[in-house]
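J.: Okay, here's what each chain looks like letter by letter:
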Amino acid sequence: MHPDRLFPPDPKVRTIARRLYASVSDLPIISPHGHTDPKWFATDENFSDPAALFVTPDHYVFRMLYSQGVPLERLGIRRRDGKPEEVDPRKIWRVFAEHFHLFRGTPTRMWIEQSLHDTFGIRERLAPESSDRIYDQVSDFLARPAYRPRALFERFRIEVIATTDSALDDLRHHDATRQSGWSGRVVPTYRPDAVVDPSRRGFAADVESFIAMAGAPMTWAGYLGAHRLRRQYFKERGATASDHGHPTARTANLDRASAEQLFSRVLRPSVSAEDAELFRAQVLTEMARMSLDDGLVMQLHPGSFRNHNTELSSAFGPDTGADIPTKTDYVHAMKPLLDEVGNDPRLTLILFTLDETAYSRCPKAPIQKQIGPFGENVFSAAAIE
Amino acid sequence: MHPDRLFPPDPKVRTIARRLYASVSDLPIISPHGHTDPKWFATDENFSDPAALFVTPDHYVFRMLYSQGVPLERLGIRRRDGKPEEVDPRKIWRVFAEHFHLFRGTPTRMWIEQSLHDTFGIRERLAPESSDRIYDQVSDFLARPAYRPRALFERFRIEVIATTDSALDDLRHHDATRQSGWSGRVVPTYRPDAVVDPSRRGFAADVESFIAMAGAPMTWAGYLGAHRLRRQYFKERGATASDHGHPTARTANLDRASAEQLFSRVLRPSVSAEDAELFRAQVLTEMARMSLDDGLVMQLHPGSFRNHNTELSSAFGPDTGADIPTKTDYVHAMKPLLDEVGNDPRLTLILFTLDETAYSRCPKAPIQKQIGPFGENVFSAAAIE
Amino acid sequence: MHPDRLFPPDPKVRTIARRLYASVSDLPIISPHGHTDPKWFATDENFSDPAALFVTPDHYVFRMLYSQGVPLERLGIRRRDGKPEEVDPRKIWRVFAEHFHLFRGTPTRMWIEQSLHDTFGIRERLAPESSDRIYDQVSDFLARPAYRPRALFERFRIEVIATTDSALDDLRHHDATRQSGWSGRVVPTYRPDAVVDPSRRGFAADVESFIAMAGAPMTWAGYLGAHRLRRQYFKERGATASDHGHPTARTANLDRASAEQLFSRVLRPSVSAEDAELFRAQVLTEMARMSLDDGLVMQLHPGSFRNHNTELSSAFGPDTGADIPTKTDYVHAMKPLLDEVGNDPRLTLILFTLDETAYSRCPKAPIQKQIGPFGENVFSAAAIE
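Chains as they are written, first to last, in numbering that gives the first Met the number 0: chain A, 0 to 384; chain B, 0 to 384; chain C, 0 to 384.
There could be a bad hint or two in this list.
Claimed, not checked - Covered, in the sense of this in silico footprint (three residues per stretch, anywhere, with C-beta under 8 Å from a C-beta of chain B), are these stretches of chain C:
1. 5-13
2. 281-287
3. 339-346
Quick caveat, the hints were computed from the structure, so don't treat them as lab data.
Using N, Cα and C, we set each Cβ at its ideal position, and we do this for glycine too.
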């Protein structure tokens, strides 16, 4: 693999790129949005097989293959209706290898090839004829102690990784990891979408459990109190941030009575799209207010139209139904929140974007607190607007 | 003309560009959206003169000159009210030459200069002093047998060209071409905008003729039946695709009763903008459904605000009134169609765009079936979303 | 300072950039939108101190520092409520120097460093340890006759500069400059926003003064007459253009009765957002119509969400509350105006944009009359659409 493969071709610019890269390439990894399963670090079990590592958990991989005519069942994705899917990981890997050429020119291929090369010592291209050889070699490595999650964490020089955890999670894996005596730092992130987004399946039941966990009454005030308690619970286990995945960046700042009425309405069986949007908007402002007190950095990921493919998401569940970036407004959407807390120096808000045209409409303040490398495009609205 | 004139200046990138270009420059041309008149190939008559070839049929050319103060009448564009326009092609050419410097830096100039250079052997710049010389040389060439449409088709190594034809067209020129024994492949494309867009002048009368051609009743079902018959008629004459020029990419999937009522409403003298949009949206989904059966590839060109200049379009007719690209949403707009047929592997849908910011919001699936070089920006939503 | 610091790194492109720059670098400056105070040229007094030159008048500078936690009071910005602000310019300069590293990578730093280097002979970086030295050297220069506004005007080889002046301004400074016998050409620009935008504080009172200045009745016709008179007044003092800063590019072309009713409504204490927008839209078309007669070039600056930070703008007044670029539509918004006057060759309209995605949606006509270098992104819709 060419060491300059991601650098610009111009020799002068490439020289600068090399110099910049050399200045950071040996730094430890601080991963504030790590997309890893906390159970990995708690149990430290070996990964079972190459398909479970590279194919079945990655919806960018299997969705692309589906778009080329490969049924998800052949890739080992489980159907909700109980119809059978492929369960032999070697066969799943073969289907993957057979179609791997379709990833030509995509970041997915760059990333997978680098992983195979650097971590598993693979020196040939993934293709039907190399499929079994590569499967065997990766499997062989995966079975070794040096390829367990904690060993990889250390080998990759990760200083800290933040996972993303439901507000309803008891964080038992985080507790187990911390209590194990292992020195690696794995922290949870407070992700309350399940109890913030009324358009989610099971929202009302989740809110009920959520408030019950806090022993609070089923009121707007009880709901807010439950957030405060859960945020504290997460913070005690190392959390430094909350994380919010919303369709838009809309925020709201309703008076108390309106918020109470809205809370009642969104718990009913049928919620209007506008009420759902308004509730998400209002809770973002509440989260921002709470962050001033407990110091959790707030992260917002708007702009993804999730589960765009209705047929897929109803057959296979969420996160299989194709996410598509949409145009995203921040300037108008964030104003209610910023009017409320935007001039408070305690606020730290990180806005992620999937809409590159938003860059030119970014509030002109530069990044205030850079908290590590990011896996997605990111810009930051500084605390004070 | 510098052989590298369209390549990047960086020597390393330029070397790659040259290598890529060399790998395709000798391939035959497969033109799925050829913007040529089928009559050219049927009658194979010589083009009459340089102005009729380069100026009067090209609204990008004459509109730009109009924006610089040149009246369209001086460029030979016919007024609807019968007032006279310039008819001497040499004089039209002189006006063109006099203002040709205004095209500096435009693709139009690049294209015209390359045509004059490569096809007509012109070795001087078009300007007032060279105007008559170039006119005479191009005229001289145009009169030769080697410059007739079929000869040029062969000389340009065109393997197939698809024209764009109204759903109401009897395709007599296509028939004549095919029956002539000439080996060139010229196929029609089903372009039903005249009977799909209720905001067009004469829409109701066109729909009536359209349904009458099929011997069907003036109902929604009759209308759909007429489409099926006409698509078949086109397919029998070689068509491989339909083509749809809509203001937006909006699609709809109404129930039968609502569609029937909408059909009645849009045939009335005054149609609301929303009904017109909804009808176009609904017909796109119908076209997609029919494409599953007859296999015609579906092409959609949304995002052009046509006839923006009211005064021009009323004085000179459609396609003279300035088209302007607009922001185009695909993600929400295409969902009803994709929910209906987007998971069917028989669907092939090509989305064109005039809004480059749409690229980052393209469904992540890569191009499924590439069917040739394109004259406009193009990206493809693969069959299975 | 590296002479190529703003050129591309590729040697070939850099050579072209150098050649292009050399062809214009010695040309005199024609500044159609100069952002200078006409009083400077009328009184020709020395600038008082470095902070008053670089910090307190520049909301891009102090807003960025505010976003990093620096209170505006420490930067010498006056509060509306009379609470004290820093008044010692040397202390303000020290705060600026202390935070100057935060401008790394911004155009603001490039511009300030170039000014300090080229105009004030500074050869060290602005930082806490150099703060006082630089303050003293700049102060020393500012006290010299060669650093008075007129001398700088001549030294910078400015051929003409257009200031921006309220429609209510009596232009006394322009008169004084012209009558002083000085040869520099400083012309006013007609900026009527205060009497065009009903959402501005004091709008009704300003309209009343405006109409009173013209001795016209408080009617729509009187209002239009006042514009005509004031435009003439500006033109007699050298104005060549009007300038309009609107939230959007929306235009309207109401019939007379509707315009009269709208005029009455917007003078009432509480104006709806839609009425305010419609009034601005209508006046743009009126301005365009008047420009056909008096020949003032029309400039439109849409797309800035002004005073986004409510707390700041209420504490410190307008132009301190953070402007943020927004998405801007031109294609639909400009149609009513263009339908009315867009085919008249006397119209010259310059559209500025803060939304770079608008470029691909620019009417395809190239720039018709280029009237000088611009301080912002600019494209021009030619007179005839």
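J.: The structure should be examined with respect to each hint, and the outcome stated for every one.
T.: How the hints compare with the structure:
Only residues whose C-beta sits within less than 8 Å of a C-beta in chain B count toward coverage, and the segment 5-13 of chain C has 3 of them, enough to reach three; the restraint holds. Check result for the segment 281-287 of chain C against chain B: violated, 0 residues qualifying (beta carbon to beta carbon below 8 Å, three or more required). Counting residues of the segment 339-346 of chain C whose beta carbon lies closer than 8 Å to any beta carbon of chain B gives 3, which reaches the threshold of three, so the coverage claim holds.
Hint 2 from the earlier list is the only one contradicted by this structure; the remaining hints agree with it.
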